[in-house]
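Residue-level listing of the chains:
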Amino acid sequence: MSAAVQGLRMTLRMPREAEEPVEAEVARQGDEDTLARRALAGDRAAWDALVARHHRRVVVSLLARGVRVDRAHELAQETWARLIQQQQRGLLTELRLPNLALTQAAFLAADDARRSRRESISGAVEELPERQHPVDPSVSAERRLLSEEQLSRAHAALAQVSPSARTVFLLACDGQELPHAEVASRVGLSVQRVRQILCEVRKKLRSALEEETHA
Amino acid sequence: MLKPHLTRDSAEQYILGALSPEASAALEAHTLECEPCARLLQEEAVLSEQLQEVAQSFPREDRVIRPARWHVRRAAAGAVGAALAAAASLALVLLPGGRAPHPSGVAGRATTTAALELEMGAPRAIVVACPDLATQDSCMQAAEERGLLVQYPWGTGEVPRYEARTGLPEGALSARHPVSL
Chain A
451 MSAAVQGLRM TLRMPREAEE PVEAEVARQG DEDTLARRAL AGDRAAWDAL
501 VARHHRRVVV SLLARGVRVD RAHELAQETW ARLIQQQQRG LLTELRLPNL
551 ALTQAAFLAA DDARRSRRES ISGAVEELPE RQHPVDPSVS AERRLLSEEQ
601 LSRAHAALAQ VSPSARTVFL LACDGQELPH AEVASRVGLS VQRVRQILCE
651 VRKKLRSALE EETHA
Chain B
30 MLKPHLTRDS AEQYILGALS PEASAALEAH TLECEPCARL LQEEAVLSEQ
80 LQEVAQSFPR EDRVIRPARW HVRRAAAGAV GAALAAAASL ALVLLPGGRA
130 PHPSGVAGRA TTTAALELEM GAPRAIVVAC PDLATQDSCM QAAEERGLLV
180 QYPWGTGEVP RYEARTGLPE GALSARHPVS L
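Listed in order, the protein sequences are those of chains A and B.
Going by our numbering, the first sequence opens with residue 451, and the numbers climb by one from there.
Going by our numbering, the second sequence opens with residue 30, and the numbers climb by one from there.
Simulated from the structure, these hints should not be mistaken for laboratory data.
Computed footprint of chain B on chain A, listed as stretches where at least three residues anywhere in the stretch have a Cβ under 8 Å from a Cβ of chain B: (1) 624-636; (2) 652-659.
Coverage of chain A stretches by chain B, computed from C-beta distances (three or more under 8 Å per stretch; other residues unrestricted): (3) 513-522; (4) 608-620.
Being a predicted model, the structure only gives us computed values, none of them experimental.
Quick reminder that beta carbons are idealized off the backbone N, C-alpha and C, glycines included.
Let the hints inform the model, and build the full structure from the sequences given.
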């Protein structure tokens, strides 16, 4: 009985191309999940794939925190080393990338900044610059985060972009770190064109965000 | 050795990962020596982080699709589990489990399956929420006559439920006064 139903389902679905992206999505999602699961089980190949996919994002997040490029690369390497170490000790119960790596990298960057400041000042505590002006880490974090108004402005700007460009942008930037080649194959464009579109959208959103800060 | 200063474009390309390895290495080496260029690169990185935030908070189109005659369709859910799994990424389909399948013939199931398949394919369904159990039947009928989909209160987590509930569960010990055990 279920075979008959299955057969019917397949004949019904075959002519519909609209279904394909959905299935591809499911397959890719499954791929991501199995990668994370294999990495949690200690599979080096899975770790390599995950690192290759998310490394750039980690480096960029460190750059955004004002870390120098060479140090950013070192810290990103250390981030992955720590995550793998934690996995080997059995301390990782689930692997949500890239957020876990970003958090770890932020922690390492803060630690690094603290240490270098301590080392640069060998004298007494009174000589520390934050003795006079206490450093509030939330200030810089707040500056990085967007205000509600900026967000809505950016959304409005994004809504005016052509639908295909918006799709490309959302695919490339939705936090799953799809490589540009993958985005290109999904929307049926060349990688060059995808990057071009990303740059255009980026320019529009930049002006939308900056407009707000000047006002 | 004097290296060229960064432009916005080159910084952007670097952030996007579009530069060749040699070019990006040269760019990195330059930012280590040149403070304004390092700041430019940081600005681009901040922008890219902000764009991630924008993309993640951008409201996606409504993807909730519910079959109209849910209680009938639910009987066929077991048979089309694979179909539902495929659609689950597109549509938020909640399957309250634990009920025996509706006794119906093979032909009946086949037609409901076909109907379900077709309905899943409908893009951008208009979703009607019937707020309470009292008006559910009339609401559902009115909506179905207009060709809309109906969302049942017991089939979803989003419809507000108003339950009367007093603060402490019965038999709970009070923290305010000493309790004799």
